[in-house]
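Student: Chain residues, written in single-letter form:
There are 4 protein chains.
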Amino acid sequence: MKQLNIGLIGCGFMGRTHANAYSQVNHFFDLQYEPVRKAVCARSEAAARAFAAKWGFESFETDWRKLVQRKDIDLIDIASPNDTHAEIAIAAAKAGKMILCEKPLSMNGPEGLKMVRAVEKAKVPNMVWYNYRRVPAVTLAKQLIEEGRLGRIFHYRAKFLQDWTISPELPQGGAALWRLDLKVAGSGVTGDLLAHCIDTALWLNGGIEKVNAMTETFIKERKHNLTGKVERVGIDDACAFLARFRNGSLATFESTRYARGHKALYTFEINGEHASISWDLHDLHRLQYFDHRDEGRVRGWRSLHITDGDQPYMKHWWVPGLQIGYEHTFIHQVADFLEGLSSGRAASPTFRDALETQCVCDAVLKSARTQKWEKVAVSSGK
Amino acid sequence: MKQLNIGLIGCGFMGRTHANAYSQVNHFFDLQYEPVRKAVCARSEAAARAFAAKWGFESFETDWRKLVQRKDIDLIDIASPNDTHAEIAIAAAKAGKMILCEKPLSMNGPEGLKMVRAVEKAKVPNMVWYNYRRVPAVTLAKQLIEEGRLGRIFHYRAKFLQDWTISPELPQGGAALWRLDLKVAGSGVTGDLLAHCIDTALWLNGGIEKVNAMTETFIKERKHNLTGKVERVGIDDACAFLARFRNGSLATFESTRYARGHKALYTFEINGEHASISWDLHDLHRLQYFDHRDEGRVRGWRSLHITDGDQPYMKHWWVPGLQIGYEHTFIHQVADFLEGLSSGRAASPTFRDALETQCVCDAVLKSARTQKWEKVAVSSGK
Amino acid sequence: MKQLNIGLIGCGFMGRTHANAYSQVNHFFDLQYEPVRKAVCARSEAAARAFAAKWGFESFETDWRKLVQRKDIDLIDIASPNDTHAEIAIAAAKAGKMILCEKPLSMNGPEGLKMVRAVEKAKVPNMVWYNYRRVPAVTLAKQLIEEGRLGRIFHYRAKFLQDWTISPELPQGGAALWRLDLKVAGSGVTGDLLAHCIDTALWLNGGIEKVNAMTETFIKERKHNLTGKVERVGIDDACAFLARFRNGSLATFESTRYARGHKALYTFEINGEHASISWDLHDLHRLQYFDHRDEGRVRGWRSLHITDGDQPYMKHWWVPGLQIGYEHTFIHQVADFLEGLSSGRAASPTFRDALETQCVCDAVLKSARTQKWEKVAVSSGK
Amino acid sequence: MKQLNIGLIGCGFMGRTHANAYSQVNHFFDLQYEPVRKAVCARSEAAARAFAAKWGFESFETDWRKLVQRKDIDLIDIASPNDTHAEIAIAAAKAGKMILCEKPLSMNGPEGLKMVRAVEKAKVPNMVWYNYRRVPAVTLAKQLIEEGRLGRIFHYRAKFLQDWTISPELPQGGAALWRLDLKVAGSGVTGDLLAHCIDTALWLNGGIEKVNAMTETFIKERKHNLTGKVERVGIDDACAFLARFRNGSLATFESTRYARGHKALYTFEINGEHASISWDLHDLHRLQYFDHRDEGRVRGWRSLHITDGDQPYMKHWWVPGLQIGYEHTFIHQVADFLEGLSSGRAASPTFRDALETQCVCDAVLKSARTQKWEKVAVSSGK
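Keeping their order, the protein sequence lines are chains C, E, Y and S.
As numbered in my numbering, residues 10 to 391 make up the first sequence, in order.
As numbered in my numbering, residues 10 to 391 make up the second sequence, in order.
As numbered in my numbering, residues 10 to 391 make up the third sequence, in order.
As numbered in my numbering, residues 10 to 391 make up the fourth sequence, in order.
Treat the hints with caution; some may be incorrect.
Unchecked claim - Now the stretches of chain S that chain E is said to cover, found in silico as 3 or more residues with beta-carbon under 8 Å:
(1) 221–227
(2) 249–256
(3) 373–386
What the hints assert, rightly or not - Some chain C residues flagged as far from chain S (calculated, every beta-carbon gap over 12 Å):
(4) S53
(5) K123
(6) G157
(7) N234
(8) T359
What the hints assert, rightly or not - Straight-line distance between alpha carbons at most 25 Å, and here's what the computed BS3-like set of lysine-lysine pairs gives:
(9) S:K375 - E:K375
(10) Y:K219 - C:K219
(11) S:K324 - C:K272
(12) Y:K63 - E:K11
(13) E:K219 - S:K375
(14) Y:K272 - E:K324
(15) Y:K130 - Y:K80
Read the hints as simulated data drawn from the structure, not as lab findings.
In this text, a Cβ means the ideal position worked out from N, Cα and C, and glycines have one as well.
Bound-form chain C, shown alone:
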């Protein structure tokens, strides 16, 4: 068993999901690598110390630059806010570290392109934490599509609906609320939520040619937690867009934090000539599948309970009927990354894969400003 020393940057919500993945992966997967929780880094020493104690990290740092330079670190895992990704990733690549980066890859496409160039120049293994690819139901959807079961694709539709920012009393910025701060987050729901929808869509349905978007900020001003003042809200509270995929299919995408009744309802549906698939995150252990080739009288949407050993990842867990949850998607992603180190086939999405999502996000935000259809320009970066 080869040990892989992890340096994790960020002790927030995402830091926990990553730490858990490192802690759990070898309990459930037979791998040649074992991640070692070597060091965690946070600006607050108290936070770093507590996190290290809780999650069994051997040490902690308060300056990511120091962590990146440590000889005993093999892999830098970036779980800090969006505005820090590029600088850390580029430094880590220069230091020859493998890099795992939280999504979205970057604040925008050009920044992401620099990151791609950095990791490709350094030839370091790299991956972005678009974890929903590893929901077993979503992975099964990918398999069914790749097997050609759907035939020609006509439609793709995705939504990511939340309702946690409806109150005007909610402040913006700082700590757990950095996602509401344009300077730190880069955008609102587009980078936070639609990026997930886009990543899955590109994976399942191929490239997006052009988009036509609208955005809205419903609450125009909020108290800023860092300045203490009421400030203009810069992020998009909601974003919807039309899209055309390169394969000729039509799509609608929508995301908002103002959809009362939905906590984290990421859904997608794909309609093909022969079959259709739909999925939603609130029941992530199920996949809905309709096959028109079933005999007419008994044709209907099948609710697949994705807990059987022949369904993706599930042989590693319990027995049929017993569901897994959210954090398992991160464990799967680490497992695949480690497997990729052994096999030499990089686990997806790499920084380059994730750059395409960034470019779609850029086109979406641009379209919302220009009020026109915008082509998705994916820089080759080479």
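Chain C is fixed; fit chains E, Y and S onto it per the hints.
Tutor: Here is chains E, Y and S on its own, set in the frame of chain C:
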């Protein structure tokens, strides 16, 4: 087109469903017979007159004996309370009328047997309104079972849950509340609700060998609407029983009017070696179907939306996706009855078929008293 | 009881739903008017004769102009293809007839405006058959919104998904396939399906300010049933659009006949500050309702089974738990129209109401051509 | 942080769930105790060694007697087959160890009583792994019932349906199939599955007075994996029973491994005067709740997505909308046990609590033999 003159007895809830069926059947089915709304009968002249006007009956009566003797009546339809069925049916048979009778057939098995003997002696077409056999989804279940798709049957379970009698303020007896009056209804949920479950079960899964039941009356006393006094409640508020079918399968049945949250939730499920089926009345236009022969990774319960032309009865209605409702089951039953007159193959359930349900009910109520397993004794009556 | 003599034009699918509504309405509603099935009109004498016989119309015509001139006709009901609506309606208005017209009102806004002017000049009662307003669940949604339960509205989304034209073997035009013929239908899914979504949306959420659409025709050529030749398909197979409502809410609309697995899945959802509502046509007897004011621990989407007497229209039907279906919406609409004649308050949607839907459709189709946001221009027509 | 040295007996499916719970509990709960994976025990040295390596146990044993005598062990966790529970538990109690025991507690009530006496005499903390009490949705159900929200209880119904033993080719006995071997398992579905249903029911609805059961063994003979011969199957493949609770409510229970289409469908529903609750294991993160006190027009079953911080256990996990799964129930149970050590209030169910479930199982199996109602006799054992 041959005209069939109907004499309907009873202007209550069931009277409406029957009148509607006569009114609608020729609009949707191509038949050789046309039911003519000739006369309706109710004890109250005002009620009979109003009902006749509303539903287009040509005349009305206030004495069923008179109706039964009318030469211009071909068919007597009994939609009056349970305690009147036998006397009317026997008189109608003697008068040579065809007879349709609301369910349950009778107050009990022995009474039902007399009715069977009467119609069989008179050789008059006869049928009992167990309408749920004609829900298209239920009829499809029957077809799938008959085609052998389920293989050996292991389990049958049925429930009929309501919640409308929970309040102790609800009086018993009289008018719309006769179902709470033992003398008029014969029993409580057993004859009213479980009779439906049993009829469907006998149809889908064959004969029941023995039963083991418990009953309960939760509210012991209620004001009686006819006497004005608080009286002991004689009916069963709830009844559950275990059963063994002749085909070796095991069953549970349950009915109650004290299941908060359920208005008329009749459900059944049948588990076979190869496939399973379940259905519920609250979404009567759907059938759930699981086929183990589907490929493992995409095996799941299929939700069949029973609105296609190749599904039972549905080619007579609208277009795929557009659902029908409760009253249509009565229309289907009249259509089948009329078709049976043409073809000479009696539509089911006949009085004799319905007698078997009565005998199961008798065994259930007896078991609840004896607290023992009781065999179902179906008198041949010949 | 005042009699209202109906002259129905069109014996197809919609003709049946209207005839049924006239036949049934007085059985279930206490009204001052009774529609009389006086005459039906179809180009084919055989079809007209058969329809009259089946549905109890006293007479038939083969020329609508003759029907419109008949003195014994009070109301002209237009259930013929879209390209005939305007001419018939204008003639009927001139003849002083009340007019009910199938949806969409017209081939386009300008044509619709002429129709509005005609009926308003003639001062004849008029209504368009946007029947889904009268699904009890949808009417309840309207009530809840009007009571202010949702608060400020943030989002509206609607879809109407079908899959019946996926096969390239399906011909276009003629008989039941006129909906695929641009000259007869005016448009594809936009006028046929999105018009329903738009009508409901305008009713529930107020006016639409601007739209941004894309359309697609997946199968470019089909055999035309009338010419017998393979011809270019002119209609839109699919249409999706973004919209902004005047109340500041954002919307997405989508319709297609290429969504495998969906027969007639009309769905809408509306998200407000305090509550959200969603509905779908495949389970039309249910309404999903989420109220954020419920206590946190037990807050969730409520599945309302719309079969209780205190829910819209349902006291006229059966008992709690027993569902109604598709055709009932037409019965409700006739009932409301007749009630409106008595009360003097016109039932909606009038021609003028429906014109607004037409104008939204025009803007949608224009936007699909210009690839730009288009304002909805509703001509006052006065 | 006090360390608690665990000695785990059994490396099978349950062993994994327990090991995982010890590994995870301190990552998510702030506790005064930390379980230390000190030693694991299995008869096979290879299995024990591999399990210890995988799960980070410091040592392993192949003789449970040796483990029980080890001074460095504080707690014995019994995850071996049913026929070993009593002997190990009694020895462990004598050795003064805390004991956690897999369910069912014992082979039968009398054996369980000895175990209760042993732990109570030794005054060692003890608990049985009826893990489903700690599904957050189930714990919430308990809270709602305790708050009196349901009022008088009328009905309880529970089922545990599986389909994994339908094939007659499946052998019995040995390794993962010991649950099919009467001598090792004690019974079939009654002890394996109904025991879960009964434990939950006793917890939620109080004591059971009497039961009336039927059992069936559908496949009479199977090859035995240990003897290599075809032998009579001794276990119950299916068991259903009627029950009366001490609080006057009526119940039905059913379990089978022959319900095609169900992998592990444990469901229960409880109907009270004012409210009802239902739950199922296939969507364990949801709870269905109906409250009759809701306003009539908007009254319906609420689907609660149990992922909010104010719902049981969920503040320890992720954010609203993100579900947890099966193994988390064991983590919760360890957390509660450790909390109980600190607070001095024993976490439930203790051996004594679990004995009552055993006594109900005994009555059920007796009733199936006698074909009569049997009272549940719970020995006080004091």
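Student: Are the hints correct? Go through all of them and say.
Tutor: Hints and how they fare:
{"no.": "1", "hint": "221–227", "result": "holds (count 5)"}
{"no.": "2", "hint": "249–256", "result": "holds (count 4)"}
{"no.": "3", "hint": "373–386", "result": "holds (count 3)"}
{"no.": "4", "hint": "S53", "result": "holds, 18 Å"}
{"no.": "5", "hint": "K123", "result": "holds, 31 Å"}
{"no.": "6", "hint": "G157", "result": "holds, 27 Å"}
{"no.": "7", "hint": "N234", "result": "holds, 18 Å"}
{"no.": "8", "hint": "T359", "result": "holds, 25 Å"}
{"no.": "9", "hint": "S:K375 - E:K375", "result": "holds, 23 Å"}
{"no.": "10", "hint": "Y:K219 - C:K219", "result": "holds, 21 Å"}
{"no.": "11", "hint": "S:K324 - C:K272", "result": "holds, 15 Å"}
{"no.": "12", "hint": "Y:K63 - E:K11", "result": "holds, 14 Å"}
{"no.": "13", "hint": "E:K219 - S:K375", "result": "holds, 19 Å"}
{"no.": "14", "hint": "Y:K272 - E:K324", "result": "holds, 15 Å"}
{"no.": "15", "hint": "Y:K130 - Y:K80", "result": "holds, 20 Å"}
Of the numbered hints given earlier, the model fails none.
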